[in-house]
Structures are given as C-alpha cells and as structure tokens.
Amino acid sequence: MIKVRDYIYKDILSVNENSDLRRVIITMKRHRVCAIPVVNQLGEYVGCISEQDILNASVPQYMKSMYNTSFMADIDHIIGHLHDLLEEKAIKFTDSGYPTVTPNDSMSYAADLLFRSKKTALPVLEGKMLIGLLTRIEILTVSLNGNKLS
Amino acid sequence: MILTVTLNPAIDKILILNGFEIHKLHRLDSREMSMTVPGGKGVNIALNLKILGDDTIATGFAGGHEGHLLCDSLRQNGITTSFIFTEGSTRTNTSILDVQHETLTEINDFGQEIPEDDLVFLLESYERLLNRVDLVVLAGSLPKGVIEDVYRQMIIMAQGHGIKVILHAAPKYIDPLIDSGPFLINPDMRSYHQFMGRPLDGIDAFLQAGREIIAYQKETEFVIFTHRIENVVAVTRKQSYILRPRDLKIINMLGYADAYLAGFIHAYLQNLPTADVLKYASAAGLTNIEVLYKEIRNPEQITANLERIDVEEVS
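Just so you know, the sequences run in chain order A and B. Position 2, counted from 1, in the first sequence is what my numbering calls 2; the numbers after and before it change by one each time, with no gaps. Plus 1000 on top of the position in the second sequence (first one is 1) and you've got my numbering.
So that you can see chain B by itself, here it is in the shape it has in the complex (with noise of 0.2 angstroms):
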C-alpha cells in the first residue's frame, strides 16, 4: 500500500481549445474539452498508481464543496481517502491547452489557509497510517499557515517506522529538507531554475547537484531531475544515468513528472534492476505526454514505449 500526501490539493479545471484568445468569448464546439478532475502532484501519482494497479491511500487537506468533489472523485477511481477536512475549500487550478497554438496557459489559485490544531489532526492521522503503508510520496506545495518544517516532521514519523520517502516539490520545498534524507528527491524544477541556493540547468550541472547530495546524505538513495524530458537524469549510489525519449510528439505536459513517479514507484516495487526501474518511469511520463489526459489511460503504453527509451550509464 502507498500512502500520498497532498497538503495543497486541487480541483484541476482543464479546457482543450481549438486557438485559444484573450477578450473573447470561447464556446465549447465538439472538438473541444473541458474536465473537472481531481489534481495536485500527489493527487495526481494516486491516480496513476491506481490505473498501474497499486493500491493508494491519498491524504492530505480538503474542504469544502470542491474538497468533497476531490474526495468522491479520488472514490471512484477505486483510491481510499482520508483527508483531513478544513473550514476553508479546495483551491481550483485552472488549465488552458490550446492545441492550435500548441500552448499551455496555467492559473494556480493559492488554496484555503489551515488553522493549527487541523494540522495536529492530521499529523496524528498520518502517523496512524504510516502503519499500513509501505511507501510514502510528499509532493507538492505547502497551503497557508502551515510550517514548512512539516514535511521535516513527516519524513523523520516514516523513516521511524522504517518508510521510505519520495519526495517532489519546489526547489524551495526541497531545499531545507535534503538533510533529513528523502529516500528519492525530484525537484519541480519547471518554473524555478534554482536549486541548492544556486542557478542550476544542463546535465552536468544536475549530475553535479545530485552527486553532492548523495555524498552528502547516506539515507538519501535517488536524485531525479525529470523537468528536461529530452534529457531525464537520475543520480544513484552506485551511477548515475541519462534517460533519453525518442521520436517525442508532446501533446499535453500536464502531470507529466506525477506519470513518471507513479511509473517509478510501480517498477520499485517489482524490485526491478535500476535501470529497468528508470527506464519504465521514463516510458511511463513519455506515454503521459503524448495523450491528452493529464494521467495515463493506457499501461500497456507504457510496455510499449520501454523501447523507445535509451538509458545513458555514467559512472
């Protein structure tokens, strides 16, 4: 069973336009979308884990109209809830892809404000859940009015219990928590090109970055930098790889990097050869990209697309 936490879900509104303007009118026509779906990063590899096959609690705040919309959504995709419900709703992240001019407009709202002693609720629930779980991933940004030595907090509850921890957010997340040793980092490097308080892009500048946290802290097992898909690197112990896509049609980036750790947690847990293990998360966020739904329909796309990927070994 894994256990994901998203502290700062969403509603995701996603339009699919046909030449998307500013100070106009839009009327859906056929060939259009608009879905309402549930979303957040750690929301987002639940649903993925699921359609792979692995069984998911999602935790984290909801409130709300639209946090019960989430929560029954996350139900009927077969997805056990406990999320903790606050006084204030679910934020709505609203997405325009339009296919035309093959751009992606994205409003994130900043989501409602959790009052301290909802907090303490759910520490307590997560600590009763580490119990039954056997992984955890933390993804995501913080809501309002809660510390950010939370997720300090939650990755010392899991690796007491002998947990290992994935861990996917803003640089600025990540950055305070590399030494409290996160079984896998992935920073969300695709608005911030900063990373261990330096500018950090390229491929040797991230087997750089990796390589320093891995020497740095021992419980620490997998550096990822994902947001480069042309060039996905990821540091280990023993080596590090590059991971290359080819013949790439990107439709949608939408959830790309929540496909690709959902993807890796699934292979993981097979205990599959590294290798095999990065190469099936890369093919699984190589699937998520090429369709227009923002997680993956299809698992045997990803089988499939396993060849579609070289792996680059780096000593």
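Isolated chain A (complex conformation) (with noise of 0.2 angstroms):
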C-alpha cells in the first residue's frame, strides 16, 4: 500500500489563530498557496483557510441571498468588505471541520478525499501537529512513479 508518508509536501509554514487576516493573505501570495493551515500557540493544528473560505467572509450578507452575484451592482462591495475583515483574526476565517490525513493514510484514502472535498491541499498531521502538506500534485506523481494507488 503506497502511504502518505512517502509523499508529504515538508513545508509546515502556518498562521497562527490570533494572526491578522491581513497576514494570512499575504502570507498566501508569497508562498503562493491556496489554503493554509492554522495553528494554536503551541503549534497544535485547528484548522485551515482557504481562499475560497475568505471569499465566502467578504460576501456581504445581504448578497448571499440572493444566491447569484450576477445581481451585484459592484464588485466594490466585496472588495469593500474585505478590506474592512483585514484586522479580523485568522481564527474567524478558520475551516476546523478542513480534511487531514496521517502519515499512515493510504493515498487512495487521501485522494479520494482530496476529489470529493474539492480542496487543493490536505494538512498532514502527526497527533495535533502539522508535518506538512499532500497536494493534488503529489497524488498525481504516484503515477509518475509507475504505481497505482491500490
């Protein structure tokens, strides 16, 4: 059975819960990620952000109702808000229900979930701390590698 371990993505950059949303996406830009785990004072995992995650936060609420966003007047509105979260804390924004796997997962355990979440990447953890990432990439090099997933 080919396992998470032999694949993880060893970067464990994350924020912490009481960081600045302004940093989180910052902190996305440079290191050019989509999603990013959150950790507390301890370096113990809570969760993830994702940008879709601030996106969903900077849709005003009177927009969500209306389901579409072909009704809004203006993008200016959602930037508007935004702007106005950039000092909120990370935890705010924080998915705690976000998928993770371990290192003992099999990667056909974890690309299925990776497919039917929808995400970009899953937390890798060892107990309640971060050990890195597993990416759609790293699925997809199993194959590189002439084997298959089960």
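Any given hint could be a false lead.
[Said to hold, decoys possible] Selected chain A positions facing chain B (in silico; Cβ < 7 angstroms):
1) K10
2) D11
3) I12
4) L13
5) N16
6) R30
7) L42
8) G43
9) T141
Quick caveat, the hints were computed from the structure, so don't treat them as lab data. Since the model is a prediction, treat every value here as computed from it, not as a measurement. We put the CB at the ideal spot given by N, CA and C, even for glycine.
Join these two chains into a complex; the hints should help.
Shown next, in the form of structure tokens:
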C-alpha cells in the first residue's frame, strides 16, 4: 500500500489563530498556496483557511441571499467588505472541519478525500502536529512513479 | 529534531573552473562545473545533518523566485521547511573555485531588507517550533532591517523551553551575545581576526578567550575555534582540546565550518564522550574540505577519517 508518508510536501508554514487576515492573505500570496494551516500558540493544528473561505466571508450577508453574484451592482462591495475584515483574527475564517490525513493513511484514501472535498491540499498531521501537506500534484505524482494507488 | 535558523540565507552559485581570469569570457567545458544550490550557514548545516541521518527543520527568511528555489531544494533533500516569505528576494552568493590556481573568490550579496512585521511573524513561528525540537542552531549574518538583538531574543526563548542553542556567526554578532549563554559558541573568524573586542589568533589566544567565556558564563559548555583547520581549539568546562587532522589535502574550504558543526551535533546527540564528539566533528570538517562539494556526500568517509584526527588534551 502506498502511504501518505512517502509523498508529504514537507512545508509546515502556518499562521497563528491570532494572526490577522492581512497576514493570512500576504502569506498565501508570497508562498503561492491556496490554503494555509492555522495553529494555536503551542503549534497544535486547529484548522485551515482557503482562498474560498476568505471569499465566502467577504461577500456581504445581504448578497448571499441572492445566491447569484450577477445581481451585484459592483465588485467594490466585496472588496470593500474584505478590506474591513483585514484586521480580524484568522480563527474567524478558519475551517476547523477541513479534511486532514495522517502519514499512515493510504494515498488512495487521501486521493478520494481530496477529490470528494474538492480541496487543493490536505494538511498531514501526526497527533496534533502539522508535519506537511499533501497537494493534488503529490497524488498525480504517484502515477508517474509507475504505481497504482491501490 | 533539530531546528536551524538562517535569517539571511542564499542561493549559492558555485563555479568550479580551471584557470579563472578577470576580463575574460569563460565557457565551461566538461571538466568544469556550475552548481546552483541552497546556501547560508544554517541551511548548509541542515543539509549536512540530513545526510548524516538527522531530521531537521529549516527556518528563516526567504523571498521571491530564489526563495522558492531555496525551499524546494531543501525539501527535495528531505528537510522540512518553515521559512517566512518576505516581499524582497533571497540573495545569491557567487563562489568561483579555480582548481588550477587553487583560489577561491567569493561575492556575497547583502540580501533582502526585512520589515518589522515580518520579523514579528518569524518570532511567533519560532516560538511554536521550539515545542517540537531538541536543539537550535542560529547561524550566519543578519539581514538588513533586523535588529541586532534578535539572536539574543531567540537564545532566551530557546532557553525558556530548556533547549540548547548553538551559535555560529561572525564575531561582531557573537560579541554582544556572550552574556546570554549559548550552549556552544563558534565564531566565524575567516575574515575577522577580532573577537571579544581584541585581535585574536593562535592556539594560546584561543584557549585564553574560550576559558574567559566559560568562566564568565555558566550556561556555555563549548567555545570552539575552527577556522585554523590545522589546529582546531575547543574549550569545555572540564578541559580543553586541540584537534589536528593529519595529511590534509584541501580541495574546497567552502562549507567547512558548517560540516564541522553538523558533525558535532550528530555525535553530540548520540551522547558520545566529549573527546569523541570533537573528533567526529573534526573528521566531518576534514571530509568536507577534501571534496569539491560544499556539503558532505559520503558519511562513511567521516568514520574512515576519524583515525586521521590527533587529539591533544589540555588541562
């Protein structure tokens, strides 16, 4: 069985739950990632923030009821609302139910989880500690090595 | 797990040429070599430690395309990365090793300027990393914009977690930190022969300086002067040692002290007796300077080189 431990993207950069949204966006941009793990003061994993989570939070409540952004008068509403959120804490945007895997999970389980959840990356946890990420390209790489997932 | 901190890392562009001349176009031939590899003292130590089989997390500042190159390359070597990315780019250090004339020309860039909020973010991340490591290595210069006191803060934070700190940097960075009591002090005196506010060279002067530090600061267990490879001087609380490699054939001094410290850490974490730790460290340094590469490629050679290290114990 091919395991997650052999394909971990070993970057453990994360933001603190008390970091502000400005720092979260800056970090995503500079690191070229679409999702970033969030940890508490002890370094224990608490969840993940994706670009989608931030976008969802930036749509003003009254617009959400319209279901469809074609009703929007102006993108400035979203950008303006997002700007007002920049000083808010990361924990407010954190998805604590974000799917995760462990090094001992099989790559086929991870691939299934990634596919069903439509996420771009899964945090890899050992206990409460983040030890890396598993991204879509790591799943695709398995096939390059002449392997089948299961 | 070991944490290496490199606040001012680099991409090392290493050119190995036969006959380097200024005012001349060089086209590399098959006997020559060009390498683009991760660099900076802490990064080099991490690379060596991984080759010796020790798990390492590398942190510090990185930025831009070169920063991604640095981190990708470290991960490919099996090192976990936790670099803070800044707006500026990671610097490139160029080394030209002329095999024919046996010269080494180095041009080190000054690196990116670090804004205060990035430094705060790094210190927060460092504090969390201290929960998961056994030893910290602070190595190399400070980038522009970073206050000189940052190493002191990092030493105190590590000590608060009961973690030993190895400090390897130029004397100007170490001088103000002696009273913070790092576990091991290794001044990089290749270009600066001043330490503790005075000119310092020769075995007796190194022994004297080491003893002064150890007498003054009870947290410090080792003061090691490595830059005179033919006489490495190590001062410890109990006694001092002078280590001399036999039949030295210098090929490339680049990365020597980093390989030495990686060897020290590897042996120290195995709880070997002090003399054996120092001997292994010297053998690691010796192994490094006798190959073209800036890091150790063949750890078995260190064991083979142990018998070439003479150890003199000084009371």
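Status of each hint after checking the structure:
The interface hint given for A:K10 is met, as the beta carbon of that residue sits about 4 angstroms from the closest beta carbon of chain B, less than 7 angstroms. Hint on A:D11 holds. Least Cβ distance to chain B is approximately 5 angstroms, under the 7 angstroms limit. The criterion of a C-beta within 7 angstroms of any C-beta in chain B is met by A:I12, whose closest approach is roughly 5 angstroms, and the hint holds. The restraint placing A:L13 at the interface with chain B holds, with a minimum CB-CB distance near 5 angstroms, inside the 7 angstroms limit.
A hinted interface residue such as A:N16 counts as satisfied when its beta carbon comes closer than 7 angstroms to some beta carbon of chain B; here the least separation is about 6 angstroms, so the hint holds. The interface hint given for A:R30 holds, since its Cβ lies 4 angstroms from the closest Cβ of chain B, which is under the 7 angstroms cut-off. Interface hint status for A:L42: upheld, as the beta-carbon distance to the closest one in chain B is roughly 6 angstroms, under 7 angstroms. Hint on A:G43 holds. Least Cβ distance to chain B is approximately 4 angstroms, under the 7 angstroms limit.
With a least beta-carbon distance of about 13 angstroms to chain B, the hint placing A:T141 at the interface is violated under the 7 angstroms criterion.
Checked against the numbered hints given earlier, this structure breaks only hint 9.
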